[in-house]
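Asks: As a plain string of letters, each chain reads:
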Amino acid sequence: MSKNLRFKSSKLVDETYRISFKFNNKTYYGYKGDTLASALLANDVHLVGRSFKYHRPRGIMTAGSEEPNAIIQLHDNTSRTEPNVRATEIEIYEGLVASSQNCWPSVNFDIGGINNILSPILPAGFYYKTFMWPKSFWEKYEYFIRKSAGLGKSPKEADPDIYEHKYIHCDVLIIGAGISGIMAAKMSAKNGLKTLLVDEKSFLGGSTIYDNSEFSKINNQITSSWLEKEINEISKLENLEIKTRTSVAAFHGYNFLLARENLTDHLPINQRENKIRHRLLKIRAKKVISATGAMERPLIFDNNDRPGILLSSAIKKYIDLYGVACGENNILFTNNDTAYETAMSLVQRGIKVNAIIDNREQIDSKLSYEVEKNNIRIFKGYTVVDTYGYKRINGLTIMELSKDGQKVIGKKIKLSCDSLGVSGGWTPAVHLFTQSGGKLKFREDDQVFIPNKYPSDQLSVGSCNGDLGLDEITINTVLSVKKFLNINNTDYKTFEIVTAINKSKRNIWLLPSNKILGKTKSFVDYQNDATAKDIKLALREGFRSIEHVKRYTTTGMGTDQGKLGNMHALGIISETAGTKMGEHGTTTFRPPYTPLTFGTIVGRNVGEFFDIIRRTPIHDWHVANNAKFENVGQWKRAWYYPNKNENMHQAVQRESKAARDCAGILDASTLGKIDIQGTDASEFLNRVYTNAWSKLAIGKCRYGLMLNEDGMVYDDGVTTRLDENHYIMTTTTGGAANVLGKLEDYLQTEWPELDVYLSSVTDHYATISVCGPHSKKIVSKVIPDLDFSDEKFPHMSFKNTKIGQIKCRVMRISFTGEQSYEINIQSNYGKSVWEKCMEAGKDFNITPYGTETMHLLRAEKGFIIVGQDTDATMTPIDLQMNWIVSKKKYDFIGKRSLYRSDTIKDNRKQLVGLLTENPEEVLEEGAQIVADIKKLPIEMLGHVTSSYYSPNLNKSIALGVVKGGKKMLGQKLIIPMENKNINVTVADPVFLDKKGERLNAKL
Amino acid sequence: MFLINCPFCGEREQSEFKAGGEAHIERPKQPTELSDDEWAEFLFMRKNIKGVQFERWNHAHGCRKWFNIARDTSNDQIKAVYKMGEKPPVK
Amino acid sequence: MKNKYSIFSLIKNAFSYHENWEKAWKDPEPKKEYEAIIVGGGGHGLATAYYLAKKHNMKNIAVVEKGWIGGGNTGRNTTIIRSNYLWDASAGLYDHALKIWEGLSQELNYNVMFSQRGVINLAHNLQDVRDLKRRTHANRLNGIDAVYLNTEGVKKFCPIINTSQDIRYPVLGGTLQRRAGTARHDAVAWGYARGADEMGVDIIQNCEVKGIKRNGDKVEGIETNKGFIKAKKIAVAAAGHSSVIANMAGLKLPLESKPLQALVSEPVKPIIDTVVMSNAVHAYVSQSDKGELVIGAGTDDYISYSQKGSHDIVEGTLNAILELYPIFSRMRMLRQWGGIVDICPDASPIISKTSIKGLYFNCGWGTGGFKATPGSGDLFAHTIANDEPHKLNAAFNLNRFVSGDLVDEHGAAAVAH
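Protein chains in written order, with my numbering: chain A, 1 to 1003; chain B, 10001 to 10091; chain C, 20001 to 20417.
No lab work stands behind these hints, which were simulated from the structure alone.
Hints should not be assumed to be uniformly reliable.
As the list claims (entries may be wrong) - BS3-like mimics (lysine-lysine), calculated; alpha carbons at most 30 Å apart, straight line: (1) C:K20012 <-> A:K147; (2) B:K10050 <-> C:K20357; (3) A:K895 <-> A:K934; (4) A:K972 <-> A:K905; (5) C:K20026 <-> A:K135; (6) B:K10029 <-> A:K695; (7) A:K156 <-> C:K20156; (8) A:K493 <-> A:K243.
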């Protein structure tokens, strides 16, 4: 039976609500309000995990998010498992299951502990110096290194929880609900400012809320009581929103902050279903007040990492807030007064404090006298030189410090304890401030970095601003907040402060020892096992800047991001190098402040919401008719429509044949449509397309090719002149948005004098293309009032008409080479018109075809697809489309680039047709083309861009680009595949109906 | 992420905008008169300034208007916003 | 070598508590004059100095670095190394680098932890499939190991990828280059620095270039915060800041410097033992030896030297990560940072002479410079020493932006990371 270290009358814990949980397969009990850490400590469990490198036993060290050691795997082997959870942050709930990480077979007996014995040959950066022989062996070494590295285990299943995002706009955001945050919130909200106050804890009041001794008073009330009243008051304020369990993760420029609101992690698992787990708050605040407090520093001495060694403030917090003692025989080791508060908190509960070891030679505060009154021995001017106990501290030795603090003198004194509280003073929590771009300055007095220059409209108050005493905190918070928020009146008039603390501190970054440094293990970064001697080794080897030292020793690279040890690392560097603090840089605190779950960052954008799905108005019909779909940009396009038992090839062959022999129907709604109006519309088209537009008659259509300014083909499509000053342009499906963007750019920035207006109308119209020899009959049935005769309605022209009462546009244009009509109708009628076409085409074997067949049919005709047959290195000349490049026009986008010295060369890659020697053999798209396989290295002339088996020609056809291909008609080339070479002949890219007779074919 | 004061819509989140690179690079009126070097200068060469840069932005997910911004690229502070065709503010 | 690194030297030094290790590199003050000065102490600059000293017998060289060596993109990238590029010129360049990587730890006597764990590039739509097949064929003919994998092949090589065909952009296949992998970025800078220092190269940190002194069309030296340093050859390998240095010499480059972000998760036990890149849903991931998932994001579209990017980019990247690896939803982002990448219009680098005699630029690596480090250094050194490019970097000249003879890896849809 383990000990019960719970003492009554704790503030935060509801002792009527008992909770059972499991840690390393053993059941324990705690109470509602406990963290996993406080509940474990109440059960006298200190050994929680093993360190990263040496696998040393480690215990709970802090009571907050700065915890480096007590990190555990939650709910191992379930879908809700989570690695590296800080026991100090997780609130316990019924059914919590936690286990130690980075140890095998168990935290009590860990094979990896051998690393601790091998540690003499594993100094910082040892891996850069070894594992290089034999050459091929690194991956074998690495296998074992990787296995022993890592902490917890990644989940293996998808996450059952849901996350969401919320945008918040407020006048004032206050980060941290400690005393100064509460005061700032009150001032802000009472002055009519929309205020948001967030705190990472489940309760308000920060560390002041357990400042409940007679030695700390505000206006004659015990500080914690005073603060409770303030909290009571602000919770009623209308302008103030308070969010607890909400941790600010990132402070970006322009006062944009990310905070994680934790909604369910404290609930029993069975109460989490269908609830949002975390909410990522995206906050835009006009003003930000950081009241993020300070963190206690540890002290750096030999074996300062044993389970049972905690920050002194953590010991105080566990007893005051949770009623939990961290040991029955406590020693405190300090360089300042705050450990005396801890001593008093323990003593008042009747818990033994064996001694206080104080670096300082002179101590003069009310608190210290009070401590002495309680018969606690104070060793003044002493330091701890070693500690004992493998899995739990059981004693320590101390020695006197020399006057200059550089050496230890005198005799060793051994003391026993089962808990050691250390206090190296306080470090302002400036992480978010520096993330936002704030610049720090170093304060020599107590060796801290404090905010200096604000990069945005923000303020730091309280201890994060370096105001560490209660008097400074209260007075300065009021003064600075008043000024910052520009307010005159507050409820805070005067403060009468009683504090027993004297601010003196004796800062020694690395405490001296009786041993040579090389024999000690004085941890600076606990999680990563970086010690003071590692830092000194790094300096010795020429690594000078903090970033170098950090990377070489891995100091500050753990999951706690060095919240405890970074200052000491800096201190040791400047002491060793004999330079001023800050001269070697300060480490950059990078977001997030505490690790942020990927799921939280992603929010709802998972699964079907990963990206928008664009569907055509006819989509449901395609689904009902067994279409397979292809993703084209964000669109779902019908790819092919297999009949029963048909594979893709069979379906495409059938569709392709039907389109040429009878009739085919294609949903072309996804093509981009841009409505162009204005008196300069023709001139505009002249400038953006390579060909000329001025003479296009109203009612006529023309194919256009658009280049980038670098002369390379960018997009293509048919544009129709609807009226004198009115065109409708079509673009490729994937290029629609970019084309519109590009056109707007030119229009607004280069040619503002042109009277032209552009609107995207892609979604406004459904586009149905009916092609094939029977197409005319079919569309005539659908639109009986329109004269479809070739005379009245020739190829490349358009008509405004109606289907019933509904206006529509019909273009006679063709991408298949067949006679072809494109009906454009308001989207919501798309499906019914499609069905009308199907009905009308029933007798003509009208066959719906998808994008694959479309690609095949146009390849038979040698029509390009931009993006498939071109790759942003192809000019229209390369595509053998000289006919579309106007010689007459003075300028168009990309024209000048066509005449650059390289672009004008005639042996560039050019589009050609390819026919295989064996007509049954279909080339692989993407295959390379060569002339000679004997010569090494094999020179690649180009590649196959499009390739199909043509059912209409009964042979394999392909398009490709070949260096100098224009002049190679009839020449034999080789496609070298992995296992064979395929012989091909360069051919005209137009394989079928070279004269274009099918466009007007009469049946 | 920046807050950009679109001259047509007011202050909006950066994610509504698209950057368009260095401003005040006018497309040559007579490209055919230019040498390859001169054309390359227009096409590709950029000041790529560290410090206050005049640049083009487009309110792509808003009014679709292009406008100019003076921004310090070393710290991303926006110094001024001005419309197309307007002269850049003095540094 | 003064201080050869090995398991034996580690053991030997353990007896003296590692008190006797020598400096990996000295910290000299600049001399008045050098034969050549390399501006930029990242991997590329240090490698350049190393090969100048080693292969071209130039000993009087300085590398000047504004901050601390390896502190720019060298120490900020996601360490992916591969050579499966589409165009012959790129393939030649990157495979040259890859071949050096394969023996680099031994060459430098510094373990750069080059781990050939393979790199997969995923295809998510039919055009991706065509492009990746095209690249695979080109690679094969260029003598670069590359295979095309179908969906099952991808799943087999990296079982944790979500290869369900029901997701928004299902994995249709991918390419695999087995010789590709990752290396330890810091070690590359440190290893080259140590090697260069050993041969007498001065590595001068905290030395910021303030100006480039020209005499007509020749360079004479650099103004720095440590004074004027004379040199007839000045070679710039300043990545994101290349334009800034070029402007000092009165040159404009075809570059834009943009924020590129990356992030790591908390460390976990091995879960993914290869590198997976996806261009279409934009995310790439590997796992470091320490156990962190190393995840690369894309660039922002605006110019910035702030080393910060927008949150949207990070969010978008993690969206893609969870789409491909739903099991990572409960993993946590530990650290996120940004670098400044200088991007050429064709997404290929510049290793070139300039119109100013004695001034050389190595820049424009965009998001993919780390992988090229040894090759880039070697070829840049050749170019500086001979005042002529090596045949492997001839295509990467500045004149291509005038002639139009680009090496368009960007347009060819190949991922340039």
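Asks: Taking only the CA atoms, is the gap from K20026 (chain C) to K135 (chain A) under or equal to 30 Å?
Replies: It holds: about 28 Å lies between the C-alpha atoms, which stays within 30 Å.
Asks: Tell me if the straight-line CA distance from K10050 (chain B) to K20357 (chain C) falls inside 30 Å.
Replies: Distance of about 25 Å is within 30 Å: holds.
Asks: Run the distance test for K20012 (chain C) versus K147 (chain A): straight-line Cα separation, threshold 30 Å.
Replies: 27 Å, holds
Asks: Please verify whether K895 (chain A) and K934 (chain A) have alpha carbons no more than 30 Å apart.
Replies: Not OK: K895 (chain A) and K934 (chain A) at ~40 Å, beyond 30 Å, violated.
Asks: Can you confirm whether the C-alpha distance between K972 (chain A) and K905 (chain A) stays at or below 30 Å?
Replies: 23 Å, holds
Asks: Hey, K493 (chain A) versus K243 (chain A), does the alpha-carbon distance stay inside 30 Å?
Replies: Distance of about 28 Å is within 30 Å: holds.
Asks: Measure nothing beyond the straight line between the CA atoms of K10029 (chain B) and K695 (chain A); if it is 30 Å or shorter, mark the hint as holding.
Replies: 23 Å, holds
Asks: Holds or violated: are the alpha carbons of K156 (chain A) and K20156 (chain C) at most 30 Å from each other?
Replies: Holds. K156 (chain A) to K20156 (chain C) sits at ~16 Å (cutoff 30 Å).
Violated hints amount to a single one, hint 3; each of the other numbered hints is respected by the structure.
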